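Undergrad: For the protein sequence lines, the chains are A, B, C, D, E and F, in the order given. Just so you know, we're using this note's numbering here: the first sequence kicks off at 10 and counts up by one. Just so you know, we're using this note's numbering here: the second sequence kicks off at 10 and counts up by one. Just so you know, we're using this note's numbering here: the third sequence kicks off at 10 and counts up by one. Just so you know, we're using this note's numbering here: the fourth sequence kicks off at 10 and counts up by one. Just so you know, we're using this note's numbering here: the fifth sequence kicks off at 10 and counts up by one. Just so you know, we're using this note's numbering here: the sixth sequence kicks off at 10 and counts up by one.
Note that these hints are calculated values from the structure, not bench results. Since the structure is predicted, the reported quantities are computational estimates derived from the model, not experimental observations. Be a bit skeptical, because a hint or two may be false.
Heads up, the list lumps identical chains together, so a pair's fine if it works in one copy or across two of them.
Claimed, not checked - Distance condition first, Cα-Cα at most 25 Å in a straight line; then the derived BS3-like pairs of lysine-lysine:
id, residue 1, residue 2
1, Lys-107, Lys-279
2, Lys-77, Lys-146
3, Lys-100, Lys-54
4, Lys-100, Lys-141
5, Lys-149, Lys-82
6, Lys-41, Lys-100
7, Lys-100, Lys-28
8, Lys-82, Lys-107
9, Lys-263, Lys-141
10, Lys-141, Lys-107
11, Lys-28, Lys-82
12, Lys-54, Lys-149
13, Lys-77, Lys-100
14, Lys-100, Lys-82
15, Lys-82, Lys-146
One letter stands for each residue in the lines below.
6 protein chains.
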Amino acid sequence: MLRSLTGIRRMSKLSTVIKELEAFAPTVFAEKWDNVGLLIEPYRKEGAEEHTVNRILLTNDLTEPVMKEAIEKQAELIISYHPPIFKPLTKITQNHWKERVVSACLANSIALYSPHTAWDKVVGGVNDWLAKVLVMKSIKPLVQEVGALPGNGSGRLVETNVPIGQLINRLQEHIENCVHVAYAVGHTGSTVIHTVGICAGSGASLLRDVQADLIITGEMSHHELLDFQHRGTTVLLCNHSNSERGFLREFQPKLNIMLDGSCQIFVSEKDKDPLVTLTRTSAAGDAPVATQQTN
Amino acid sequence: MLRSLTGIRRMSKLSTVIKELEAFAPTVFAEKWDNVGLLIEPYRKEGAEEHTVNRILLTNDLTEPVMKEAIEKQAELIISYHPPIFKPLTKITQNHWKERVVSACLANSIALYSPHTAWDKVVGGVNDWLAKVLVMKSIKPLVQEVGALPGNGSGRLVETNVPIGQLINRLQEHIENCVHVAYAVGHTGSTVIHTVGICAGSGASLLRDVQADLIITGEMSHHELLDFQHRGTTVLLCNHSNSERGFLREFQPKLNIMLDGSCQIFVSEKDKDPLVTLTRTSAAGDAPVATQQTN
Amino acid sequence: MLRSLTGIRRMSKLSTVIKELEAFAPTVFAEKWDNVGLLIEPYRKEGAEEHTVNRILLTNDLTEPVMKEAIEKQAELIISYHPPIFKPLTKITQNHWKERVVSACLANSIALYSPHTAWDKVVGGVNDWLAKVLVMKSIKPLVQEVGALPGNGSGRLVETNVPIGQLINRLQEHIENCVHVAYAVGHTGSTVIHTVGICAGSGASLLRDVQADLIITGEMSHHELLDFQHRGTTVLLCNHSNSERGFLREFQPKLNIMLDGSCQIFVSEKDKDPLVTLTRTSAAGDAPVATQQTN
Amino acid sequence: MLRSLTGIRRMSKLSTVIKELEAFAPTVFAEKWDNVGLLIEPYRKEGAEEHTVNRILLTNDLTEPVMKEAIEKQAELIISYHPPIFKPLTKITQNHWKERVVSACLANSIALYSPHTAWDKVVGGVNDWLAKVLVMKSIKPLVQEVGALPGNGSGRLVETNVPIGQLINRLQEHIENCVHVAYAVGHTGSTVIHTVGICAGSGASLLRDVQADLIITGEMSHHELLDFQHRGTTVLLCNHSNSERGFLREFQPKLNIMLDGSCQIFVSEKDKDPLVTLTRTSAAGDAPVATQQTN
Amino acid sequence: MLRSLTGIRRMSKLSTVIKELEAFAPTVFAEKWDNVGLLIEPYRKEGAEEHTVNRILLTNDLTEPVMKEAIEKQAELIISYHPPIFKPLTKITQNHWKERVVSACLANSIALYSPHTAWDKVVGGVNDWLAKVLVMKSIKPLVQEVGALPGNGSGRLVETNVPIGQLINRLQEHIENCVHVAYAVGHTGSTVIHTVGICAGSGASLLRDVQADLIITGEMSHHELLDFQHRGTTVLLCNHSNSERGFLREFQPKLNIMLDGSCQIFVSEKDKDPLVTLTRTSAAGDAPVATQQTN
Amino acid sequence: MLRSLTGIRRMSKLSTVIKELEAFAPTVFAEKWDNVGLLIEPYRKEGAEEHTVNRILLTNDLTEPVMKEAIEKQAELIISYHPPIFKPLTKITQNHWKERVVSACLANSIALYSPHTAWDKVVGGVNDWLAKVLVMKSIKPLVQEVGALPGNGSGRLVETNVPIGQLINRLQEHIENCVHVAYAVGHTGSTVIHTVGICAGSGASLLRDVQADLIITGEMSHHELLDFQHRGTTVLLCNHSNSERGFLREFQPKLNIMLDGSCQIFVSEKDKDPLVTLTRTSAAGDAPVATQQTN
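Go ahead and model the full structure; you've got the sequences and the hints to work with.
TA: Below you can see the structure in the form of structure tokens.
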């Protein structure tokens, strides 16, 4: 690597990295109920310099296997799409995985930043990544963010023209995983749909009042599915994090450019959706076959 | 059919059928937030006799295709496991599917009974049916119902001894459908588990504080799954209604005996889980392949 | 019947009648807590035509005697000023009169429409009918409806000039029934009043902060009456529905014109206020004498 | 005055009178939401003796005419069945009648005591007085008071055997005023009733779940009346305070005995129900005729 | 006194005095949770003239010693900075000191007016009096009152330039009492401060988000003090009422001018802060020494 | 140091220390709203041994100066009477002192334990230490803890016999600091008191309904003080933490015995009450004189 050869050790101040992240997707536009931005900042002795960052790990969920990976990779900053602190903490012990993760960050001087709904809303963010599965005639947010530039906001509404079966195939390619479908009453794989509502993650409440032929989201409850089916809306589910995770590979080179190559940026190899769907096999004794990638 | 041959026309009064249903699983033990029992009783002109029942349709969800089937089969009573009226109604028009279903019942003189959590709790009910997938050393409710006989209550906790992979195969056979698995941190298909928590439907809140190696339920959100994984509990998901529907085939002959053969009892052919999981196929142009039965 | 003879079969689509009713008094202006508009729409088989209306029954309250009358008169639409569904329904059985009424409508293919506070607010509606008892110098709503034309809104405030005793006589003629009076401290039958607050039905909360010499409403509690008396406001009570019912006779011909004579319109003969005031007679053994019309 | 002549100056300490009132009907048994007991105690200069009572005025409502009467009669204590302070006071000015009444008591050294629901519940109290209109086979509270002797509690349930018409006549005699009736669906004046629910004042919420052929109370709203009518319960309304006031005449001699004749006890001459029902007269120009006593 | 000599008896109507008080500091600008203005108005017999005022007593708190002083001084109006009625009253007996004070006012025909937060906010009011301890470069409200002239509003923010120790000395002189100090981490008596937040009374919630080197208020809880100390803000506490009381001496001559000398105006001699701080003496047997004036 | 000489390295596992602390004062008896027990447990790498403790720092408040002292003293455990985490945390950055303290503990492998109200309630705890200022005839909790041994519970009520002035002197000696007094109306330094209510810290709500001649607590608001004064209760205030801190010196040797001398135990030298009362000096230019110890 050139930088090693030239002996130039490059790195960034934590505040510089955060400035770039905020320039891409201002956390001020995140949902009111959300917990975003710099969640953990390493301890700084009186008079000490600001925390510096050389290695950054990107992950969708900061599980303990991912935390271990971050320590092994000597990351000084983790960017976790989902905020690892959501329910506020009254204690930080070794009894609960989220408290263990917090203590691991602080004991290993690793900063933690979470963008969550700020990335959902921003142009070029998570929902726009998910929408790329479609040949789009038009796209706009389901709810335009007040005070933000046009195009920023919650969810996306896309005009298109595609048979459902073909869209399912494309979605499986896009998320590199299997898809669950709930056909609307009267729909089949050959039904051509024209409007698609999109919400990465858990989209039922946002999509509730959207008029669309089809919606793509991560997860939805049984009774919500029945409601959409009877309103004439087919639902495609990717599993929660499979509707989000693919964005990280797209963001990695973007962030590299933002930081002018000053940091090494990894996408976690341990981060994956908790669920694997197993095909029902004919012979009961056989091992079940996973229908999706399990890294 | 013997009854036709002998010319004996047999039927039951609605109140007689309800009495038997309540004897099997008293709705007084249903959850406080639930809406159970006789939900629709056909209009009775002043001085008219009580509604009589000859044909009964059993269903997990009273969707519009199932409602149509009930009319075609000339059912006088629908027993729908899930209550079709849950959010209280302020209007009954043709604009919302639940209002259409209610008006269809009343216009066609069809009574509607929903047992829901009363069937979950009762000995020999929905959770006990789901537990049959296991070779059990012991079984007891997660929460024994106060005032009811021992064994009645919410969820089930089972002692057993089985590798996870083998259990998944058995579960696929039992529910006749595919299964989704979230392995606990450290678990694999060959891990032998000893305690299993069971809750048909949506079990996260009930199972939250249960110490078990594995839990079987219908559906669970992403963040709940991560919590179970980090507590050492593998989760098997069947899809919400696939964790419940199989009980109906077991209940059909039981009800026939309870009613002394006085009614014809059908299990709906149109009732099915809204979701189908599609295998990711290699060739993008091909139609996706469903990994589960779609009736 | 003449129409039969001439072979002209006249009737309206339900949506046409509703369109006219909404043109007269848009339900969008009803109170937020109210439950108005089309409350019951008869069941329509898949592919069936829209419900048609030939006979309309107008009533203040949809009691069971009125419901029976509607069936006997073969009404296809009931317009009930008070909404028969107010507390939302979780069941529709034969155990509660409101559930019986709902089931009767649906079993007999009778639509149900309720205007309630939309009719109270509209110019030419219920409060304007009640105000006709006065020789008015001016009239305006107590609360002008935002977004509606001037004159529409809750309650009425009237400038006039009349002794209380004379007004009572006129009110008895107007509502064709007896009146209850609570004289303000210092008022007598010969006190001349200049400002009158009007609110059909139960007007205490709306009238609470109104400065008026006298108010006319349907009913009011004891402690509310004492408050008005001590503020210098005499209260005339008509009984709740007697302050509203007279409007129906005025509305009947109006509706006929709106619908271009396409429907037969009846005012219920069974609808009446639940209360009858009985005169105290001198001889204890005698039957008490009703002081108001009891049909 | 005889007492002056004999030189015997008789009077009671305020605390002595209150002790007797509490012995008759302990205010500890009043409803939690109620405001009962000694509400106003005259100012006592440092070191001054306790307030003494020679003249007591009994009233149902402490209106301003009654307050004036109390001052004229030189009462040192007013016993007002309804508490004149109910909504707590943040100011005591001359702008609101209740504040004027409070200031009048304090400026004129008049104590104020209110028993309200304590008198409703006690054996021999307001509800028992109202029940005397019936020939009783049995009587018991609707809700027995926990911790009190049997027979004390809210409302009364009476077994009897009387045609409604005859009962109405007796009630008119008992309250010395007119009565309003709402016949149950199917009831007429000659229907014989066997169970009667009683609640002086405003009894709808207490009587809501009572199974009775007929109920007697003071006032009830239109929609509550319709509910009772459709449940087979005829309702007799006396007007709120006419269902209570008659008890004062019965209590006057009782209190005299309790206080051993030490005080003069007056029943207010100005206290009366705010409402008067006026008969509809044939000739419009005539003065309306009151159907009830107006003192 | 000149007025006596000339035989001119001067006095004011209560409404005139209130009009002047409201002109100085409109109570419409008081906090929403506050209870201000004319709280007690003496009883006025039917037809009587308005209450007149000759002697006015100013006090910070209307304690019982101050109440006694008011009666002895024959005041017809008490102006109590803190409202003696705050928690609304359900009774007015001799059992609680606030009820005794209310009854004393009404029995002795003394009106009561409280300005409280209206005086805090007004230009020239309580906070401006407290700010006089500082040599000010600039002063403005912490929160400018909407709808009021610039300078009116809650609290004050002052720019200055003074060592903390010197300011403490000045504050002790200004309030004529001892002061409690909580030095910010890093501050000492010689630290020069430039911005000062001021809030008479209990200022923690108002001052919470103010950036200031030092704040002056009356009282503050332990945990609030620790928060300020760690934010770099030194806190000076005067005791609650010592941060307010001095204003009364300044207001006395102002009010005299407003009323054109028509009333005698006294500042209470009995009103004082409840707390006295006692110096720790070396000899245990000695009487402790008060470090502040105790009148 | 002996231990060094003998070469015996003694220390305790964290769980052992906590076991002893819980044996002394079980945190299960702390208030429901409190946040007690092990609040911070240092990060433990997968497979690592449990945290061990050699040096323990006792403090009343974990301020930043005390945190610095803990690091300098190489403490492995801080026992902070007040819980440093009270408002739950959503972030742990370097912007707020409580977050800095939490990060300092985790970065320096220091455990944190807080007993708070568990120590208040226990026999031999903080309130009992405060009560030692009195010559007691009897002592009992204000509220006996349900399920705990007699004597454990909130606050203390003591019977004694002492003039107030003498008690103040003793209290100054006991807390080694100055005292603030609010004399009840009628009390002076020579009044002999017989019942004393005690509540370390902020005791107004607990003491509100206690009948006592005098109460001792840490801090109380102005309006609470006025209420106690008018109820005949003199109040002695120590400043919040001065009513608690002295217990630590008493607890230090106790804990040493509990831990069998296995740990070094320090009482913080930096921990002190935030407030210092300054005597008003006659010469304005002089530095103010602190009336209390400032370590």
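Undergrad: Now tell me, hint by hint, if it's right for this structure.
TA: Verification of the supplied hints:
In this assembly of identical chains, the alpha carbons of Lys-107 and Lys-279 lie at most 25 Å apart only when taken from the same copy (17 Å versus 33 Å across copies). Taking identical chains as interchangeable, the C-alpha atoms of Lys-77 and Lys-146 are never at most 25 Å apart, the minima being 44 Å within one chain and 38 Å between chains. In the homo-oligomer, the alpha carbons of Lys-100 and Lys-54 lie at most 25 Å apart both inside one protomer (22 Å) and across protomers (18 Å), since each shortest distance falls under that limit. Proximity of Lys-100 and Lys-141 under a CA criterion of 25 Å is satisfied in neither setting, with 42 Å inside one chain copy and 34 Å between copies.
Within a single copy, Lys-149 and Lys-82 get their C-alpha atoms no closer than 39 Å, and across copies no closer than 46 Å, so neither meets the 25 Å cut-off. Proximity of Lys-41 to Lys-100 under the C-alpha cut-off of 25 Å is found in both arrangements, the shortest distances being 24 Å within a copy and 15 Å between copies. For the homomeric pair Lys-100 and Lys-28, the shortest alpha-carbon distance between copies (18 Å) is at most 25 Å, but the shortest distance inside one copy (30 Å) is not. Proximity of Lys-82 and Lys-107 under a CA criterion of 25 Å is satisfied intra-copy only: 20 Å inside one chain copy versus 30 Å between copies.
Taking the closest pair of Cα atoms, Lys-263 and Lys-141 come within 25 Å of each other only inside a single copy of the chain (17 Å); across copies the shortest separation is 52 Å, beyond that limit. In this assembly of identical chains, the alpha carbons of Lys-141 and Lys-107 never lie at most 25 Å apart, being 33 Å within a copy and 35 Å across copies at closest. In this assembly of identical chains, the alpha carbons of Lys-28 and Lys-82 lie at most 25 Å apart only when taken from the same copy (24 Å versus 38 Å across copies). In this homomeric assembly, Lys-54 and Lys-149 never come within 25 Å of each other (Cα to Cα): the closest approach is 47 Å inside a single copy and 38 Å across copies.
Both within a single protomer and between protomers do Lys-77 and Lys-100 lie at most 25 Å apart by alpha-carbon distance, with minima of 21 Å and 21 Å respectively. Taking the closest pair of Cα atoms, Lys-100 and Lys-82 come within 25 Å of each other only across two copies (24 Å); inside a single copy the shortest separation is 28 Å, beyond that limit. Within a single copy, Lys-82 and Lys-146 get their C-alpha atoms no closer than 43 Å, and across copies no closer than 46 Å, so neither meets the 25 Å cut-off.
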